[in-house]
Every structure is written in C-alpha cells, then in structure tokens.
Amino acid sequence: MSNIFSSSVGKKFLMSFAGLFLVVFLVVHLSINLLVLKESPEAFNKAAHFMSTNPVIRIMEIVLFGGFLIHMIYGVIVSIQNMIARPINYKKTNNSQTSYFSKYMFHTAVVITIFLVLHLLDFYIRAKYIGGVEDVYYEGIKHHDLAALVIARFHIQWVVIVYVIALLILGFHLHHGFQSAFQTLGLNHPVYTPVIKAAGLIYTILITLGFICIPILIYFFK
Amino acid sequence: MDFTLRIWRQENEQSKGRFEIYKITNVSADSSFLEMLDLLNQQLVDKFEMPICFDHDCREGICGACGLYINGRPHGPDDAITTCQLHMRKFKDGDTIVIEPWRARPFPIIKDLVVDRTALDKIIEAGGYISVNTGGVPDANEIPISKKNADIAMDAASCIGCGACVAACKNASAMLFVSAKISQFAMLPQGRIEAKERVKRMIDKMDELGFGNCTNTGACEAECPKEISLTHIARLNREYFAAKIS
Ligand code: HEM
Ligand code: SF4
Ligand code: FES
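Protein chains in written order, with this note's numbering: chain A, 1 to 222; chain B, 1 to 246.
Derived by calculation from the structure, the hints in this document are not laboratory data. Keep in mind the model is a prediction, meaning the values are calculated, not measured. Glycine is no exception: its CB is placed at the ideal position from the N, C-alpha and C atoms. One thing to keep in mind: the hints can contain errors.
What the hints assert, rightly or not - Only pairs whose alpha carbons sit at most 20 Å apart, straight line, appear in this in silico PhoX-like list of lysine-lysine:
1. A:91 <-> B:47
2. A:92 <-> B:147
3. B:196 <-> A:92
4. B:23 <-> B:122
5. B:244 <-> A:91
6. B:16 <-> A:91
7. B:23 <-> B:90
8. A:92 <-> B:23
What the hints assert, rightly or not - DEER-style ranges, computed between Cβ atoms:
9. A:61 <-> B:150: 46 to 54 Å
10. B:79 <-> A:6: 32 to 40 Å
11. B:18 <-> A:217: 51 to 59 Å
12. A:191 <-> B:25: 51 to 59 Å
13. A:87 <-> B:122: 54 to 62 Å
14. A:29 <-> B:58: 55 to 63 Å
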C-alpha cells in the first residue's frame, strides 16, 4: 500500500504543510525587511546580524531550506503527473468557473523559483560568500552594512522592476495557495472556510504590498 | 435554429482522431442536445455515412451515461445538468459548437465521443461498498442517525459517476467522484467499520489508474451535474490522514 510520500493525497499534504511554513516565513522576512526603511540603518543591520548569528535561527534556516525543497520537489512531481494525466488536451478548454490563479500555480512557481535564485545570489550569497559588503561597528561589534547594500541595489531601475513583477507573481501564488493549503489539510468548514479565504486575501495583499513598497520607496525616497 | 458543429471523430482507441465539421439546420430550440445529435445522425445515415457515436441511456439526468465536452465545458453551457438535459435554446442561432470526448489518460476513447469509464468502476471495486450481508429491510430508526449527517451522506450519494469532474479538472483528477463515494459511507455508522481500509484502497486505486492530483481549482464542483461540493474532498483528505496515522 502506498504511503504518505507517494500517494496523491499524501504528496499534497506535504506540499501544503511546507507551503504554510513558507507562508509564516514570509511574515518574518517582511517584518525584518521593513526595518530597512528606517532613517538609520542600525536597526536593520542589527536584525540581519542577529539572524545570521543566533544558533536557533541558524537551525531554522536549514528547516527553511528543507521546506522550500519539499514544497518545490513535490510541486514539480505533482505538476508533471497532472500533465501526464491528460495526454491530449481539449481544443476548446477551460471554460469552467474556477478561481483564476489556481490554473497558473506551476507557472507562477517557475517565476518564483527563478526569482528566488536571483534574490539569493543578489543578497544572501553576496553577503555571505562573495563579499564586497562594507563593515560597520555598533557598540564595538562588527556588522555587515547590509542596509547600504539593499539601498544600492534598489537604486538600479531594472532591479526594482524585476522585484516588483516577481513579487506580484508571488502574490498570485499566495492568493490561491493560502486557502488551498487548508482544503488540502482537510480543513473545510461552512463557517470557517470563508474566514480562511478572507484571511488569505488580506494576508496576500499585505505581504505583496509590504514587500513591493520596499524597493519602490527606496528607489524614490532614499 | 442553425448550427455549425465541430465534432471529434475517431475510429477506435488506437487510431488518430480528427475534427469534422457538420452543418445542421432547422433545429428546434426546444430539442435537447442529444436530440440534435440524433437528427444529425439520421442525416448521416441517410447519406450512408457513419453516424457519430455518443453515450446515453436514461436521457433523464439520472444515469450518468451521457457526457460530452461542449464548447469547453463538460455537459455544456448550463449549470448542474447532464448533457441529456441541455437544450438548444441555451445556444444562439448560427453558433459554432465544438464537441469533444472526456479527455483523461484513464478514459481511453472507444469511438468518436464515447470513452471507457471503467476506471471509475475499478475505484468502486477497490472499496466503495460495505461487505456485510444486508438481509431484509431493517426497521426504520433502528440505528439513530442525525438529520445533518443523513443529509450529507444523501448529497454525496447523489453522484451518478458521469466523470464530468475528471473531464473538467485541468489535472484530470477524480477526487470529487472518489470523495463523494467516500463520504456517502463515512457519514453513516454502517460505513464507519471499514472506513480506514476503504479510503486507503480507493485512493491507491485512483492513483494507480493514472488520475491527476487535486490542486483545489474547483472546476469539478462548478461542472458537477449533481452539485457535489468540495467539502467532500476535504473530508476525503481528513479520512485519509486519519487512516494513515492510526
Ligand atoms: C515563499 C514562497 C512560496 C509560498 C509561500 C508557497 C505557498 C504555497 C501554498 C500554501 C500552496 C498550496 C498548497 C496546497 O494546497 O497543497 C502552494 C502550491 C504550489 N506551490 Fe508554492 N509556495 C512558494 C513557493 C513555491 C516555489 C518556489 C515553487 C516551485 C516549484 C512552488 C510550487 C508550487 C506548486 C506547483 C503549487 C501547486 C499545487 C497546488 O495548487 O496545490 N511554490 N504554494
Ligand atoms: S462527482 Fe459529479 S461530476 Fe463527478 S462523477 Fe459524480 S456526478 Fe459526475
Ligand atoms: S443519459 Fe442518463 S444522465 Fe444523461
């Protein structure tokens, strides 16, 4: 008998679990990022320093990579199986009433994956391995001046444009993904499901606008 | 009313199919979609051409045999009906209507618009039953069941196994069908006894037959002639996890 890693329902369970973990991660990520908009770079640099030195966060980072991997690997498997399940497509297709973004989860996922790689190269890999980031000292402790790096990157027009587009597409992914994960986990209820859907929409709008406002505000005002 | 029909023709499972274009005139607005096809077939037979094969049986919307993919929607442009309950007044005079068979790997084409839906029966054979001798008719209310649960089970049991959910789903997933068949037992005490085994076996069979994975797009619910709800899929998921954990 198949197990939770191979059955259709099991695969979706792992995906939605990992997806919800990523949903929480985005909240943490955004709250730290918003600090970069403050007048002084100190708060952001200190937060980034804390995130890269605290042992608990170091472990969480590995869990986060694992979460991304599980979500992505199963996302690809599920999507390929779904394409195989209909070898000949309809001539006239997709006139059924469905939520629009649910049809494009794989497409948005591909964009997010490309963006993720670029984004990691741009900040994470640069700060950690490539170098070229200035040092600053707060209370005598050495910090990377990541705020300066972020601000420099977001003064380049095409970088800002790429970020805004990619984040909008992340928003499309979240719009379907958030409520879909609850349904996948079996949480469907006449009263709570509309609440979950509304919460998903609010979450999606706040997260998307929150992330998008950072490059835009920096480009125009910093 | 006059129509241009683009209909999928295919000799058998192996042969390569193609669309053929047919013109049909003087169709009554009150004729059903299948009657319109009967008319066309009569004209084809009169010309000594092969009539178009399509499935149908009751023509009352209860058996689930009929099933055509019409202008991009299973059972055509109306909600909560089967193809046999669709009427030509739902179209505009002069419309071009594209008619295709259900498309899914587990539904091989037998001929033209007729597909083999045995895969759905195989899922039922894997566990969609209660294996006890039922004996005579039991006394009413011998086993108390709440009205709420009885209604949910009854709603689920209204699935006629037409396969429109599979046809509508972009992933060719059979989850709505399977969830209806799971729910009709899961909500009743008689069904609880074998519930864990049943859900595991039916899901395994569904996967083995090559149906896709559900991504909650909801196209199935939108097209189901019996308005089976997505809540049954959530119940199926719960039943499956509960069965796997214990
Ligand atoms: C921070 C980034 C991401 C978040 C928060 C996120 C979240 C989610 C959630 C909650 C779901 C619904 C899961 C379910 O119903 O089972 C989902 C679906 C999906 N995700 Fe992501 N995801 C992210 C990134 C990615 C990436 C990088 C990929 C790359 C492969 C991906 C691929 C998919 C696919 C293919 C689906 C469709 C499955 C479905 O519709 O159920 N996601 N995502
Ligand atoms: S769930 Fe609805 S669409 Fe699917 S087989 Fe049953 S009646 Fe047909
Ligand atoms: S022919 Fe029986 S439901 Fe349409």
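Verification of the hints:
1. Taken as a hint, the residue 91 of chain A and residue 47 of chain B pair is broken in the structure, with Cα atoms around 28 Å apart against an allowance of 20 Å.
2. Restraint check for residue 92 of chain A and residue 147 of chain B: not satisfied, since their Cα atoms lie roughly 42 Å apart, outside the 20 Å limit.
3. Using a Cα cut-off of 20 Å, the hinted pair residue 196 of chain B and residue 92 of chain A is violated, with the two alpha carbons roughly 40 Å apart.
4. A threshold of 20 Å between alpha carbons decides the hint, and for residue 23 of chain B with residue 122 of chain B the separation of about 39 Å lies outside it, so the pair is violated.
5. Simply put, residue 244 of chain B and residue 91 of chain A have alpha-carbon atoms about 40 Å apart, too far for the 20 Å limit, and the pair is violated.
6. The hinted pair formed by residue 16 of chain B and residue 91 of chain A meets the criterion: a straight-line CA distance of about 15 Å does not exceed 20 Å.
7. This hinted pair checks out: residue 23 of chain B and residue 90 of chain B have alpha carbons roughly 18 Å apart, not beyond 20 Å.
8. About 19 Å separates the Cα atoms of residue 92 of chain A and residue 23 of chain B, which keeps this hinted pair within 20 Å; it holds.
9. With their beta carbons about 51 Å apart, residue 61 of chain A and residue 150 of chain B fall inside the hinted range of 46 to 54 Å.
10. Checked against the hint of 32 to 40 Å, the C-beta distance between residue 79 of chain B and residue 6 of chain A comes to roughly 36 Å, which is consistent with it.
11. Residue 18 of chain B and residue 217 of chain A have their C-beta atoms about 57 Å apart, which keeps the hinted 51 to 59 Å range intact.
12. Taking the beta carbon of each, residue 191 of chain A and residue 25 of chain B are about 53 Å apart, inside 51 to 59 Å as hinted.
13. At about 19 Å, the beta-carbon gap between residue 87 of chain A and residue 122 of chain B misses the expected band of 54 to 62 Å.
14. In this structure the hint that residue 29 of chain A and residue 58 of chain B lie 55 to 63 Å apart at CB holds, the actual value being about 57 Å.
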